[in-house]
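Listed below are the residues making up each chain.
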Amino acid sequence: MKFKLLGLLAILTSLLTACGGGGAYARVIVAGSTSVQPYSEILAEEFVFLNPEITIDVQGGGSSSGIRAASTGTSDIGMSSRALNEDEMDYWVVEIARDGLAIVVNPQNPIHELSFEQLQHVFTGEITNWGEVGGNDARIHLIAREEGSGTRGAFEELVMADGQFITPRAIVQSSNGSVRQLVSSDPNSIGFLSLGLVDDTVRALDLDGVAATAENVISGTYNLFRPFLYISREAPEGATAKFIDFILSPYGKAILAEEGLIP
Amino acid sequence: MALALSSISALALITIFIIIQGAPIITEVGMFNFIFGMTWAPSQGEFGIFPMIVGSAAVTVGAVLVGVPIGICCAIFLSEFAPVSVRNFFRPAIQLLAGIPSVVYGFWGLLFIVPFIREHLGGPGLSILAASIILGIMILPTIISISEVSLLSLPRQYKEGALALGMTQWQAIRYVQLPAAKSGIVAAIVLGLGRAMGETMAVIMIVGNSVALPQSILDPVRTLTTNIGIEMGYAAGEHRQALFATGIVLFIVIMILNATAQYITRRK
Chain A
1 MKFKLLGLLA ILTSLLTACG GGGAYARVIV AGSTSVQPYS EILAEEFVFL
51 NPEITIDVQG GGSSSGIRAA STGTSDIGMS SRALNEDEMD YWVVEIARDG
101 LAIVVNPQNP IHELSFEQLQ HVFTGEITNW GEVGGNDARI HLIAREEGSG
151 TRGAFEELVM ADGQFITPRA IVQSSNGSVR QLVSSDPNSI GFLSLGLVDD
201 TVRALDLDGV AATAENVISG TYNLFRPFLY ISREAPEGAT AKFIDFILSP
251 YGKAILAEEG LIP
Chain B
264 MALALSSISA LALITIFIII QGAPIITEVG MFNFIFGMTW APSQGEFGIF
314 PMIVGSAAVT VGAVLVGVPI GICCAIFLSE FAPVSVRNFF RPAIQLLAGI
364 PSVVYGFWGL LFIVPFIREH LGGPGLSILA ASIILGIMIL PTIISISEVS
414 LLSLPRQYKE GALALGMTQW QAIRYVQLPA AKSGIVAAIV LGLGRAMGET
464 MAVIMIVGNS VALPQSILDP VRTLTTNIGI EMGYAAGEHR QALFATGIVL
514 FIVIMILNAT AQYITRRK
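These protein sequences, in sequence, are chains A and B.
Residues 1 to 263 (the numbering used here) are what the first sequence spells out, left to right.
Residues 264 to 531 (the numbering used here) are what the second sequence spells out, left to right.
To be clear, the hints were calculated from the coordinates, so they are not data collected in a lab.
Just so we're clear, the structure is a prediction, and the values are computed from it rather than from any experiment.
Note that CB positions come from ideal geometry on N, CA and C, so glycine has one too.
Hints may be right or wrong, so weigh each one.
[As the list claims (entries may be wrong)] Going by beta-carbon spacing under 8 Å, a handful of chain B positions derived as facing chain A:
1) Ser-306
2) Ser-473
3) Ile-493
4) Gly-496
5) His-502
Isolated chain A (complex conformation):
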C-alpha cells in the first residue's frame, strides 16, 4: 500500500515537472475590471490564435483589485476602467480604448431621453417616479453598481456634481451583465453600463438630445466616457509587451472598434 502511494506520488511529481519545463511557453495573466474583461478576452483569443506559444489568462475582480494585482506582480497586466488616483501614479499605464457610459432603460419604457439634470436627480433619489420626467406613473427602480466598481466610479465622476451621491435606496448589482439582465426584465428600471455592452435587450437613453453612440463619443458631443487602462508594475517585456503591442496595432484597434469601443 505504502509503495503504491509512493509510486503514485512519483508519477504525479514527474507529470508536474514535465508541465513546468515547457521551453518557449509563456503565460500572461491579465486581471481587473469586469468592464474591460470581455474585450480583453476577445483580444486574447485572437492573439493566442496568432501566437500559439503564449497563453493569456484573463480574470475579473474589478478595477481596484486589478491595479493591486499589477502592483504586487500577482498579474502581469491590471485592467482598470477608471483613471488612476494619486497613490497609483507610479505604474506603467497605457490607454487601450475609451468606453462610453450608457444610461439604459427597459425597451418597454416610453422614455427616450433625459436631460443631464434629470439624470442627476433620478440617481440622487430626488425624482422617484417616471411621471416626473414624462413617463408612466410608476416608481423608478434604480440599479447601480457596488462601491469600488470602476463603472460606478466613472458614473459618479461624470454625472454627479460635487456633493451629489447615488441614493442608498438604489439596488446594487455586482457586474455589468447583471445590471443589463435586470434592466431587460424590469420595465420600470434604469441603470448604467458600458456602452459596448448595450444590446437590444435594453435601450440606451439620449442625454440632452445626444444619442449614446461611439460616433458621438468621438465627436465629443456625448460626454459620458471613460478610459480603459492596462497597468503594469514596470514597462512590460517579452510576452506581455507582445500582447500590448498587438492591442495597440491597427488590427487590435479594429477588433475593439468592432466590439463597440472607441480606440
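Based on these hints, arrange chain B on the given structure of chain A.
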C-alpha cells in the same frame, strides 16, 4: 490526532485573521458608530452597518416564517402519518434539497420568484420577500430532519398513554408529543436561523443589495453576508477592513445562534 487538531487550528486561524483584519476599523470608527451607523459609503469614509443588520434580521425572520411551519408539519407527517414507502421516498428527497447548490436556488429565484413578485405585488421584485421565500426553502432540510429525529426519539409510551386516555391522534401530537420534543424542534429552528443568516450567494442574486432601511417587505435590502460578497472584489484599504469587520459581527451572531442551539439540545 494531528488531523483533528488541524480542523480546530483552521477555525482558530480564520478567527484570528478576521479579527486582526477587521478590528482596526472598528476601533477607528467606534463600535457604536459601526454597528448603529446608518450610512455605508466606504469611498467617503462612512462605515455604518445598521441597515445591513436590519436587512439580515428581516430576511432571516422571513425565512423562519416561511420555513418553520412547513418544516414542522412535514416532520410531523413523516414521523407520524406517512406509510413506510412514502417516508422512504420523502426522506432522501428532502436531503437532496440540501444538496442543491445555493447559486442554483438564487438563479431560480431570480428567474421565477422575482418577476412574480414584481408583476403581482409591485416593487422591483428583488426584495426581502423574495429572499425570505428562497431561504425558507433552503432551511427546510435542516428543520425537517432535526425535528423529525426528535419526534421519533420520544418514548413510545408518550403517544400510547395519550391515546389510551382517549385523546385523538391530533390531540396526542399537539399536547403530548410536540411539547415533549420541544427542545429538539427549537434547536432545529435556531440552526435554521443560522443557516439563513449565513447564506450568501443565493441572497446576493435576489435581495437587491441596497444599503437603506427597508419600508416594506417588497423593498430591497442588503444583508451582512451580501455586503461582503458584493464588495470584496473591489475593496482595498479601510474598505476591506470594514468588510472584515462586517464578518466579525456576522461571526459573533452565528456563534451565538449555534451555541444557543447546542445549549437547548443538551439541556434535556
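Taking the hints in turn, this is what the structure says about them:
no.: 1; hint: Ser-306; in the structure: holds (6 Å)
no.: 2; hint: Ser-473; in the structure: holds (5 Å)
no.: 3; hint: Ile-493; in the structure: holds (5 Å)
no.: 4; hint: Gly-496; in the structure: holds (4 Å)
no.: 5; hint: His-502; in the structure: holds (6 Å)
Of the numbered hints listed earlier, not one is contradicted by the structure.
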